[in-house]
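Please build the complete structure, drawing on both the sequences and the hints.
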Amino acid sequence: DAKTTQPTSMDCAEGRAANLPCNHSTISGNEYVYWYRQIHSQGPQYIIHGLKNNETNEMASLIITEDRKSSTLILPHATLRDTAVYYCIVRLTSGTYKYIFGTGTRLKVLA
Amino acid sequence: NAGVTQTPKFQVLKTGQSMTLQCAQDMNHEYMSWYRQDPGMGLRLIHYSVGAGITDQGEVPNGYNVSRSTTEDFPLRLLSAAPSQTSVYFCASRETPTDTQYFGPGTRLTVL
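As they're listed, the protein sequences go chains R and H.
Per my numbering, the first sequence starts with residue 1, numbered consecutively.
Per my numbering, the second sequence starts with residue 1, numbered consecutively.
No wet-lab data here; the hints were simulated from the structure.
Treat the numbers as computed from the prediction; the structure is a model and nothing was measured.
There's no promise every hint is true.
Examples of chain H residues toward chain R, derived with CB under 10 Å [stated by the list, open to error]: (1) Arg-94; (2) Thr-98; (3) Asp-99; (4) Gly-104.
Below, computed lysine to any residue pairings styled on SDA-like, alpha-carbon distance capped at 20 Å [as the list claims (entries may be wrong)]: (5) H:Lys-9 - R:Ser-41; (6) H:Lys-9 - R:Ile-39; (7) R:Lys-3 - H:Arg-44; (8) R:Lys-52 - R:Pro-21; (9) H:Lys-9 - R:Gln-45; (10) H:Lys-9 - R:Gln-42; (11) R:Lys-3 - H:Glu-59; (12) R:Lys-3 - H:Thr-100; (13) R:Lys-108 - H:Pro-39; (14) R:Lys-3 - H:Met-41; (15) R:Lys-3 - R:Lys-69; (16) R:Lys-108 - R:Met-59; (17) H:Lys-14 - H:Asn-62; (18) R:Lys-108 - H:Met-41; (19) R:Lys-108 - H:Gly-42; (20) R:Lys-108 - R:Ala-13; (21) R:Lys-108 - R:Ala-60; (22) R:Lys-69 - R:Gln-45; (23) R:Lys-52 - H:Pro-97; (24) R:Lys-3 - H:Asp-99; (25) R:Lys-52 - R:Asn-23; (26) R:Lys-3 - H:Gly-58; (27) R:Lys-3 - H:Pro-83; (28) H:Lys-9 - H:Thr-100; (29) R:Lys-69 - R:His-49; (30) R:Lys-69 - R:Glu-55; (31) H:Lys-14 - H:Arg-108; (32) H:Lys-9 - H:Leu-78; (33) R:Lys-52 - H:Thr-100; (34) R:Lys-52 - H:Thr-98; (35) R:Lys-3 - H:Gly-42; (36) R:Lys-52 - H:Asp-99.
Ideal Cβ positions, reconstructed from N, Cα and C, are used throughout, including at glycine.
This is how it looks when you write it as structure tokens:
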């Protein structure tokens, strides 16, 4: 599975969009990008995933660059409850079974 | 659905003691995993299972055993607890074909 690089920490003002970047320059053509978050020592929570196209759901949007070497998770209107550690993971969806987490980005939403 | 459940929530052991962390899921997922998370760190994969009777090692398997006799249950056994195993342990099950993982609430283990 490809390795990912994320900033250690970020701040965002409440009500503004939070844009969390992830670099995955060694991603291969059939690897997906997944995002999870972990709120204060709870179990991680799935947010979104994608392969090539941009994706949106009720929680967030995922923007993947055309060369797929980087992506951005967007929380459109951050709230205090979005304060968490956000993990970007690149992996195949089947055929391999390991899900490797990195250290993530600690997002702090400020009032 | 209860999702993924873990027991106990908290546990204190003495060095050398053994114990089993329980994990159960009611979503009929084939794939299940155990992770540990040390303070300020990300999650590290201990063991995983792709179905009943099939298990394999992750990144940090030493000192832990697993078995998978049913689809629902995936217990993690500490054979002889050491202070280095003080951590928070998360169990997860995986949905196919999206490969979305669902995590339990965690077990906070302290080894003295």
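Now the hints, each set against the structure:
1. Arg-94: Holds. Min distance 8 Å.
2. Thr-98: The hint holds - Thr-98 (chain H) has a Cβ within 10 Å of chain R, the shortest such distance being about 7 Å.
3. Asp-99: Nearest chain R Cβ about 4 Å off; hint holds.
4. Gly-104: OK, holds: Gly-104 (chain H) within 10 Å of chain R, min 6 Å.
5. H:Lys-9 - R:Ser-41: Cα-Cα ~12 Å, so holds.
6. H:Lys-9 - R:Ile-39: Satisfied, since the Cα-Cα distance of roughly 17 Å is no more than 20 Å.
7. R:Lys-3 - H:Arg-44: holds (14 Å)
8. R:Lys-52 - R:Pro-21: holds (16 Å)
9. H:Lys-9 - R:Gln-45: holds (18 Å)
10. H:Lys-9 - R:Gln-42: OK: Lys-9 (chain H) and Gln-42 (chain R) at ~12 Å, within 20 Å.
11. R:Lys-3 - H:Glu-59: holds (15 Å)
12. R:Lys-3 - H:Thr-100: With a Cα-Cα distance of about 19 Å, the restraint between Lys-3 (chain R) and Thr-100 (chain H) holds, given a limit of 20 Å.
13. R:Lys-108 - H:Pro-39: holds (18 Å)
14. R:Lys-3 - H:Met-41: holds (17 Å)
15. R:Lys-3 - R:Lys-69: Within the cut-off at roughly 11 Å; holds.
16. R:Lys-108 - R:Met-59: holds (17 Å)
17. H:Lys-14 - H:Asn-62: This hinted pair holds, its Cα atoms lying about 18 Å apart.
18. R:Lys-108 - H:Met-41: At roughly 17 Å apart (the allowed maximum being 20 Å), Met-41 (chain H) and Lys-108 (chain R) satisfy the hint.
19. R:Lys-108 - H:Gly-42: holds (17 Å)
20. R:Lys-108 - R:Ala-13: The hint holds at about 9 Å.
21. R:Lys-108 - R:Ala-60: Status holds; Cα separation ~16 Å.
22. R:Lys-69 - R:Gln-45: Distance of about 24 Å is beyond 20 Å: violated.
23. R:Lys-52 - H:Pro-97: Cα-Cα ~17 Å, so holds.
24. R:Lys-3 - H:Asp-99: Holds - the C-alpha atoms of Asp-99 (chain H) and Lys-3 (chain R) are around 18 Å apart, at most 20 Å.
25. R:Lys-52 - R:Asn-23: Holds, at about 14 Å.
26. R:Lys-3 - H:Gly-58: holds (16 Å)
27. R:Lys-3 - H:Pro-83: violated (30 Å)
28. H:Lys-9 - H:Thr-100: Cα-Cα ~24 Å, so violated.
29. R:Lys-69 - R:His-49: holds (15 Å)
30. R:Lys-69 - R:Glu-55: Between Lys-69 (chain R) and Glu-55 (chain R) the Cα gap is close to 16 Å, so the pair holds against 20 Å.
31. H:Lys-14 - H:Arg-108: holds (14 Å)
32. H:Lys-9 - H:Leu-78: At roughly 16 Å apart (the allowed maximum being 20 Å), Leu-78 (chain H) and Lys-9 (chain H) satisfy the hint.
33. R:Lys-52 - H:Thr-100: Within the cut-off at roughly 18 Å; holds.
34. R:Lys-52 - H:Thr-98: holds (15 Å)
35. R:Lys-3 - H:Gly-42: Within the cut-off at roughly 14 Å; holds.
36. R:Lys-52 - H:Asp-99: Holds - the C-alpha atoms of Asp-99 (chain H) and Lys-52 (chain R) are around 17 Å apart, at most 20 Å.
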